[in-house]
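K.L.:
Letter by letter, the chains look like this.
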Amino acid sequence: MIKDKILIVKELKKLYPFTRGLFWSKPLYVKAVDGISFEINKGEIFGLIGESGCGKTTVGKLILRIIDKTEGEVLFKKQDIFRMKKDELRELRQKIQMIFQNPYEVLEPRLTTFKILSEPLEFHFPTLSDREKMERVKEVLFSVDIKPPESFLLKHSFELSGGQLQRIAIARSLILNPEFLVADEPVSMLDTSIRAGILKLLLKLKKENDMTYLFISHDLAISKFICDRLAVMYLGKVVEEGPSGKVLNEPLHPYTKALRMALPLLDPGRKYYLNVPKYIRGEIPNAINIPQGCRFHPRCPYSETICSREEPKLIEFGQNRKVSCHLPL
Amino acid sequence: MGKIILDIKNLKTYYFIPGGIVKAVDGISFKIKEGEALGIIGESGSGKSTVGWSIIGLLSHPGKIVEGEIFIEDQNILKLDSEEMREIRGKKISMITQSSMNSLNPLMKIDYQIMETILVNENISKSVAIKRTENILENVGLEPSSFKKYPHELSGGMKQRAIIAMALVCRPKLIIADEPTTALDVIVKAQILKLLDDLMDGLESSSIIFISHDLSTIVEICDNIIIMYGGKMMEFATTSKIIKNPLHPYTKGLLKSYPHIEKEEISLESIPGSPPNMVNLPKGCVFSPRCIYSKNICFKEPAKMTDVGDNHLVVCHLIQEREVLYDKR
Chain V
132 MIKDKILIVK ELKKLYPFTR GLFWSKPLYV KAVDGISFEI NKGEIFGLIG
182 ESGCGKTTVG KLILRIIDKT EGEVLFKKQD IFRMKKDELR ELRQKIQMIF
232 QNPYEVLEPR LTTFKILSEP LEFHFPTLSD REKMERVKEV LFSVDIKPPE
282 SFLLKHSFEL SGGQLQRIAI ARSLILNPEF LVADEPVSML DTSIRAGILK
332 LLLKLKKEND MTYLFISHDL AISKFICDRL AVMYLGKVVE EGPSGKVLNE
382 PLHPYTKALR MALPLLDPGR KYYLNVPKYI RGEIPNAINI PQGCRFHPRC
432 PYSETICSRE EPKLIEFGQN RKVSCHLPL
Chain C
6 MGKIILDIKN LKTYYFIPGG IVKAVDGISF KIKEGEALGI IGESGSGKST
56 VGWSIIGLLS HPGKIVEGEI FIEDQNILKL DSEEMREIRG KKISMITQSS
106 MNSLNPLMKI DYQIMETILV NENISKSVAI KRTENILENV GLEPSSFKKY
156 PHELSGGMKQ RAIIAMALVC RPKLIIADEP TTALDVIVKA QILKLLDDLM
206 DGLESSSIIF ISHDLSTIVE ICDNIIIMYG GKMMEFATTS KIIKNPLHPY
256 TKGLLKSYPH IEKEEISLES IPGSPPNMVN LPKGCVFSPR CIYSKNICFK
306 EPAKMTDVGD NHLVVCHLIQ EREVLYDKR
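Chains as they are written, first to last, in our numbering: chain V, 132 to 460; chain C, 6 to 334.
Derived from the structure by calculation, the hints contain no laboratory data. Do not take every clue at face value.
[Said to hold, decoys possible] Capping the alpha-carbon separation at 20 Å, the derived lysine to aspartate or glutamate pairs in EDC-like fashion look like this:
#1 97(C) with 12(C)
#2 402(V) with 206(C)
#3 409(V) with 206(C)
[Stated by the list, open to error] In silico contact screen, one side only, chain V against chain C (beta carbon under 7 Å); selected entries:
#4 401
#5 410
#6 411
Beta carbons: idealized from backbone N, C-alpha and C, even for Gly.
Next up, chain V with everything else stripped away, as it sits in the complex (with noise of 0.2 Å):
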């Protein structure tokens, strides 16, 4: 059976320009998306996972649109997003919507639920009646457990709790009926004990109304938790790819590997992390002088001569599952 492709990336890269001194220097670049690919299935949850700077949120942002690509392809159902003209544009954007990290900072203070979640389809739907806008706000609104809907729709966002302001802000992005969802580390500003719920939210709702995410996180339980398949990414570039289990408990790329020793597994006087700085060394270096041959060498336990030659390509190893690496785990 093959699966229908719902979003596919293909070279996608994104550079941002930046010049240090006055004139007499060659601009630089940061190398946030250095070259990537991969292709989301109808109805999966797939993962975006990585530490800070990798540059997993700049590949969100560029599957919206929200800024421009540098060079590569994104095809969202066998359309070209960075090839649209406006009306084409605005279309999509009722299709694919994205949950931010931070409920406290993405909804306007100002506004009412109400008014926050109306606004996109006063502007998607000018025609509807004020009746139909209503009944549309207090649909989603209970879909998101926010109930009883009628007490919310007047509130600020001041007068909400966390957890209520990301069901506030994920209702925001349901509004128009979306089908795919870009949630970027949708609970790591949440408490540890309201986060279960967030999760099993987006779960229920993914169900009921047949939708595909991508899912960013820096963190690999929840990921192993909510997504069907994973990519890691370092520095601008995706390392490893496969199914999440297999990928967190059979990693085949080192870095992936380091990842996994450095989760505390909640178990007393293990020490988890004496293991890691024997295992890997160093910082992710900085996106602007990314090493030569593979990116990850100078901090890899494994790494030999042709590992600071050639950078390896990300390819085919087993079933289901991609790897960049010289020397496989």
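Use these hints to put chain C onto chain V, whose structure you have.
P.N.:
Just chain C now, kept in the frame of chain V:
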């Protein structure tokens, strides 16, 4: 383990704000022995950081210690004036905060800032201080080439190392680490935890308090754990008891909300409701509105502390009925 370094008795720290009184810390008592690592876990607004600021005597403006005693090695530090307190800070107690980037002076080189700490606290010559600065910076894993750098030239992990060096350079008896790794990526986080673990082995008589919202990180480094909620202590026990035999419903709920990466099927549960409004705390047990076991008495009276044996302290009305209650679920 030997004598008691810190002894807090019934500490109450309130913030007097225009909207009312925030009882951030409301009757907390605990002791720390020489060489012990204690974790204080709580969600945002639970008062965990206020405990830290109260101990070091740097509460910000509307905050005031209204009751209680804090003894550092038999000296009640709440009786000291600000001059005497300055003598204690750095030498006997020091603090590592979350946002290292904001705590370093951006206009001074790293080594100078650390040397200054020594010269303020101890009566030694500059050349000895310089030697000690170099030693400590090397011990925290900074390259000699970065000693003479400004904070903006260092990465987040390196700045956190510098802050740790500053906190340790006068060999304090007690180190308060308030979310020391929260802003860092997982691999750097592991490196910093290893560093703190090594340093504690080196400074055998120093004790450390880890304040964090993330139970999973703290579990593997701490000997004992305090679970805080709504300004009150909910449970205190050794780390392994907290993990293997949690007795307070809040602790139980908290543990269930961490996804476990190694298990094939992951169950994840959240605690219903959201953290309490600190100005308007619920009557009775602060956790009662969110507790799945709560009974009439829980909403009426605050719970008392019970020692269930071996210094495992629980603040819950239903502690005697726990076997019947918890089995049902």
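K.L.:
For every hint, state whether the structure bears it out.
P.N.:
Comparing the hints with the structure gives:
no.: 1; hint: 97(C) with 12(C); verdict: holds, 14 Å
no.: 2; hint: 402(V) with 206(C); verdict: holds, 14 Å
no.: 3; hint: 409(V) with 206(C); verdict: holds, 18 Å
no.: 4; hint: 401; verdict: holds, 5 Å
no.: 5; hint: 410; verdict: violated, 9 Å
no.: 6; hint: 411; verdict: holds, 6 Å
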